[in-house]
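Asks: Whenever a hint applies, use it, and build me the whole structure from the sequences.
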Amino acid sequence: MSLAVPGLKVGLSRDDLMMRAGVVVLAGVLLVMVGLPLWALLAKGFEDRDGKFIGLANYVSYFSTPALFQSALNSLQVASVTTVIVVPLAFVYAYALTRTVLPMRWLFQGISLIPIFAPSLLPGIALIYLFGTQGFFKALLGDGSIYGIDGIVIAQVFYCFPHATLILTTALATADARLYEAADVLGASRRRVFFTVTLPGAKYGLISAALVVFTLVMTDFGIAKVIGGNFNVLATDVYKKVIGQQDFSMGAVVGMVLLAPAALAFLVDRLVQRKQVALLTARAVPLVPRPKFARDLFFTLFCLLVSAAILAILGMAIWGSLIKYWPYNLGLTLDNYDFAKFDSNGWDSYWNSVRMALGAAVFGTVLMFTGAWLNEKTRGFGMMRGVVQLLAFLPMAVPGLVLGLGYIFFFNAPNNPLNFLYATMGILVLNTVAHFYTVGHLTATTALKQIDPEFEAVSASLKVPIWKTFVRVTAPICLPAILDIAIYLFVNAMTTVSSVIFLYAPDTKLASVAAVNIEEAGTTAAAAALCVVIVLTSAAVKAAHLIADRFLFARLQVWRRR
Amino acid sequence: MTNYLEVRNLSKRFGDFSALGDVSLDVVEGEFVCFLGPSGCGKTTLLRAIAGLDPQTSGTIRQKGRDVSALPPAQRDFGIVFQSYALFPNLTVAANVGYGLVNRRQNRGAIAKRVTELLALVGLPDAGPKYPAQLSGGQQQRVALARALATSPGLLLLDEPLSALDARVRLRLRHEIKALQRTLGVTTIMVTHDQEEALTMADRIVVMNHGAIEQVGMPQEIYRRPATAFVADFVGSMNFLAGTLMAPDKVRVAGVDFACPVQDGLAPGQKVSLCIRPEDVRVRDLPADISNRVPVEVAELDFVGAFCRAILRARASADVAVTADFSSNLIRDLGVDIGTKLDIALPPDRLRVFA
Ligand SMILES: Nc1ncnc2c1ncn2[C@@H]1O[C@H](COP(=O)(O)OP(=O)(O)OP(=O)(O)O)[C@@H](O)[C@H]1O
Ligand SMILES: [Mg+2]
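For the protein sequence lines, the chains are F and H, in the order given.
Per my numbering, the very first residue in the first sequence carries number 1; after that it's consecutive.
Per my numbering, the very first residue in the second sequence carries number 1; after that it's consecutive.
The reader is advised that the hints may include incorrect statements.
What the hints assert, rightly or not - Partner residues are not named here, just some residues of chain H that face chain F (Cβ under 7 Å, in silico):
1. P55
2. A70
3. P72
4. P73
5. F82
6. S84
7. N90
8. G128
9. Y131
10. L135
11. G138
12. T151
13. S152
Since the hints were derived computationally from the structure, they do not count as laboratory data.
Don't be surprised by glycine CBs; every beta carbon is placed ideally from N, CA and C.
Replies: Listed below in C-alpha cells is the structure:
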C-alpha cells in the first residue's frame, strides 16, 4: 500500500482526521520524551561549563585524557568477555529447554528468568558477600580480588543470562520438524545435523543475543558501581562526572561515547534481522523432542548447575539481608529491612517505586498501545508516521544513563515550559516509559498485525467511528499483549537504576536508587534487603499475571474457545 | 434501466506497476455482477477502489448519480464481505450483525428485532448468542453477509466470499446468496476467480486480465461468444487450432480448409486460432455432406466422471489434435477406445476465430 502512487486527492473522513491528529500528538509526545532530550544532550557536549559554544573542545579533551579513554577500553573489554561467556551458556540452556526432554522444564525456565526481576546491583552485592574482603570464599581467590573486572563479569553474566536465554529460546523454538526428519532420512550424523540444521536456524538469534548482551553490559551502571572497585567503565564515568564533579558538559561527552556502541549494535541488529526470512512457514510442523536418556541426563545436569548458580546468587542476597552482622554474627534478623535506619526516606522509597512503576505501567501501556494502533491504522500520512516509527525505535539504541542525562538538560532548562516536571514523579514516569518504549511499541505492533486487517474497513462500511471499533474490538482482542506490555513496564520500572539516577528529588527517591545510595554508604545488608524487596515485588506481580492469565482471563475470553 | 454505478477511466498504479489501466464499467441497479479473472489481474483492486478503501490513482466513480471518487469509505454507501469474513471474534453473532445498527440511535428493541430478522434471513435463527469461533466456516460467512446487509446498503461488495469453504458448502451457498440477492434486489458485485461460480451466480460477468476488462456480458454470452482468446481460454475449456485466415469465412489448418462464421475485423492471410469447445465437437449421425469433417484417431481417453475427455489426432496430420467430450453412452454405442478411428465434424456456427 505504501507504494500507491498519489494522484487523486481523496477527501478525509472524520476518522482520518481524528487519526491524523492522534499521530501528530503522538509524534509531539515522543519528541518531548525522546527526541528533544537527546538533542539537548548532543548540544551540551559542545558547550563549556558556562554554556558557551566551544565546538569539539570537550571531545578533544576527552580523547586526550588517558584515564577517560581507558574507561572506554575497559567497557569494551567487559562487554566482550561477558558476551563470549553468556551467549554459549544461554545457547546450551535454551537448547535444553527447547530440544531435549527436561524434567520440570517450566521450573528451569522460570529460574532462568529470575535475574530480570532484580536490580542489577543485586548480583554485585551477592558477590561481595561471597568473595568480598570479608567474603565466605575469599580464600579461594588467593591474592586476587573480586572488586574489578572479574566481579563485574560474573555479575554481568548473571544479569544478562535471561535476556540471552529468552532470545535463543525463541530462535530455537521455531524449528521445522520436517527439516530434521529429512536430515534423518538422509542419514546425517547427529553432529552434522547440529551444524547444518540447528546452528544455521539459530544464527540470527545468536547474533541478536550477542548484540543485546554486549549493549546491556556496555550501558549497565549498577554492577560496575557496586563491584567495580578502581576498574572504571564508561557508565561509572558519566555518573562521576555528573554527580561527583557536576561537570555536565563532560558528562554529556562521555554519554555520547556510550551512545555510539549501543546505537551501532542496534543498527547491526536491525540490518541482520531484516535479512531473516520467516523460517517457520504456515505449513511447518513444530518439533517435539523425543526422549533420549544420555542426552537428556547431560542437559538436565547442565541446567541444574546453572539454576543452582542463579539461585545461589539470589539466595546469598536474601541470606545476607537477614544476617545480623556479617561475618561476625550470623544470627538472623529483620533489622536490615527497617530502612529508616539507613536512609532518611525509609520505606518511602519503596512505595515511590511502586507508585512510579504503576504510573509507568498505566501511562506507558495506554500510550504505547494507542500509539502503535494510530501508527498502524492511519491511512496515508506516511511522513508523519515515519517520524513516529523512528522516535519509537530510538530508545532501544539509547542507554538509560544517556537518556537520563538528556532529561536533565532538556527539562531543567529554565526556559522550558515543561520545567515544572523537573524533580517530580512525573519526570520519572516519563523517563521510564521513554526508556522502555521500543519493546512495548513492538509488542503492540506485532499484536495488531496479527488481527484481521479488514476490521477498520468493515466498520467504515457500517459507518461506525474507528475509535469505537478500537475500544470494542481491537483493544479487547489484544488484551494479552496489553497486559504483557504493562507487566514489562512495571518490572523494569521497579528494577531500573541507570535511567532514573539523575532525575529523582529527595521526596521521589526510588528503591533501586536508595539501594545504590545505601550500598555507597557501606551498609551492604540493607542494600541487599532493598534489592530483595524489589525482586519479591516484581516477581509477585509477574506471578499474579501468570495466574490471572490462566484462570481469570480464560473466563473473560470465552470467545477464544471453539 | 438506470446505471447505479458508473466507473470511468479508472487507473491504479503501485510504483511502476499498473494494477488497473483505464477501466470503465457500468452496473445497473439491482444487478449481480461478477469480476472474474486469474489471480493478480486486479479484481480486488477494482473492488476496493469502488469501496474507497484503496482509492484509484485516476478516474471517476459515480454511485447513484453522485460522484464518490474522492469520498472516504465512511461516506460511501456499501456493505462488504471479505474473504476472511473479518467477523469481530470477541462479539457474539448478534452483536456482530447489529454492529452497524447500534450507531444509528435506534432503540434496543428495534435493533434486536432487525438482528433476529437478518439471522433468519441467512438461515441462522439460533446463532445469536454464539461467538464466531463456535460456528463453521459457512455459518461465519452467512453472519458476515447478515452484518453487511444490516444497514440496508445500496451496494453489496463481496471479495471471494466462498473461496475459504469446502466444495459442498460452497455449492449450497452459491444458491443461497443468489436467492437472497434476488429477494432483496440489492446491487451486488462479487469478486471470484472461479468461473463456475461466476457463470451460475452472475447476471453479468466482467472478465478481467492484466488490470483491464476483456469482456462484459451475460454468462451465456461470455461462454458462447468469448470476445477474446483470453476469455475463450479462461472460461470453460477450448481447443485452439493454429491456422491461417484464407477468406472472411475460411480458415486453413494443416492444409485443410474449414468453414467458419464471417470474420470482419481480420484480414485474409493473417495467422489465427480456430477455436471450438470440446462439447461442441460432433461425432454421431454425421450427414454425408456435413462441412468441416475430419477423420481422426483416438489418442487418449480420460475418464472424468459424467463423461470422458478424448484427445483426437487428425489422421491426415498428427500435429493437429482436438479435445472432445464424449458421453458414456456415446462411448458405449460407438465402442470408442484408444486407437479407434472415427470421423468428427466441427460445426461452423460453433467455431470462433481469434487473431
Ligand atoms: N499494495 C500493493 N502494493 C503493490 N502491488 C500491489 C498491491 N496490491 C495489489 N498489488 C498488485 O496489483 C495486482 C492486482 O492485485 P489484486 O489484489 O487486485 O488481484 P486479484 O485479481 O484480486 O487477485 P487474487 O485473485 O489473487 O485475489 C497484483 O499483481 C498485485 O501484486
Ligand atoms: Mg483478490
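Asks: Run every hint past the structure and note whether it holds.
Replies: Verification of the hints:
Because the closest C-beta pair between H:P55 and chain F is about 5 Å apart, less than 7 Å, the hint holds. About 5 Å separates the beta-carbon of H:A70 from the nearest beta-carbon of chain F, less than 7 Å, and the hint is met. Because the closest C-beta pair between H:P72 and chain F is about 4 Å apart, less than 7 Å, the hint holds. Interface hint at H:P73: satisfied, since its Cβ lies 4 Å from the closest Cβ of chain F, which is below the 7 Å cut-off.
Because the beta carbon of H:F82 sits about 5 Å from the nearest beta carbon in chain F, less than 7 Å, this interface hint is met. Proximity of H:S84 to chain F holds as hinted, the smallest CB-CB distance being about 6 Å (cut-off 7 Å). The restraint placing H:N90 at the interface with chain F holds, with a minimum CB-CB distance near 5 Å, inside the 7 Å limit. Here the hint on H:G128 is broken, as its CB sits about 14 Å from the closest CB of chain F, past 7 Å.
The interface hint given for H:Y131 is met, as the beta carbon of that residue sits about 4 Å from the closest beta carbon of chain F, less than 7 Å. For the restraint placing H:L135 at the interface with chain F, the shortest Cβ-Cβ distance is roughly 10 Å, beyond the 7 Å limit, so the hint is violated. For H:G138, the interface hint is violated, since its Cβ never comes within 7 Å of a Cβ in chain F; the closest pair sits about 16 Å apart. Using the Cβ-Cβ criterion of 7 Å, the hint placing H:T151 at the interface with chain F is satisfied: the shortest such distance is roughly 6 Å.
A least Cβ separation of about 11 Å between H:S152 and chain F goes past the 7 Å threshold, and the interface hint is therefore violated.
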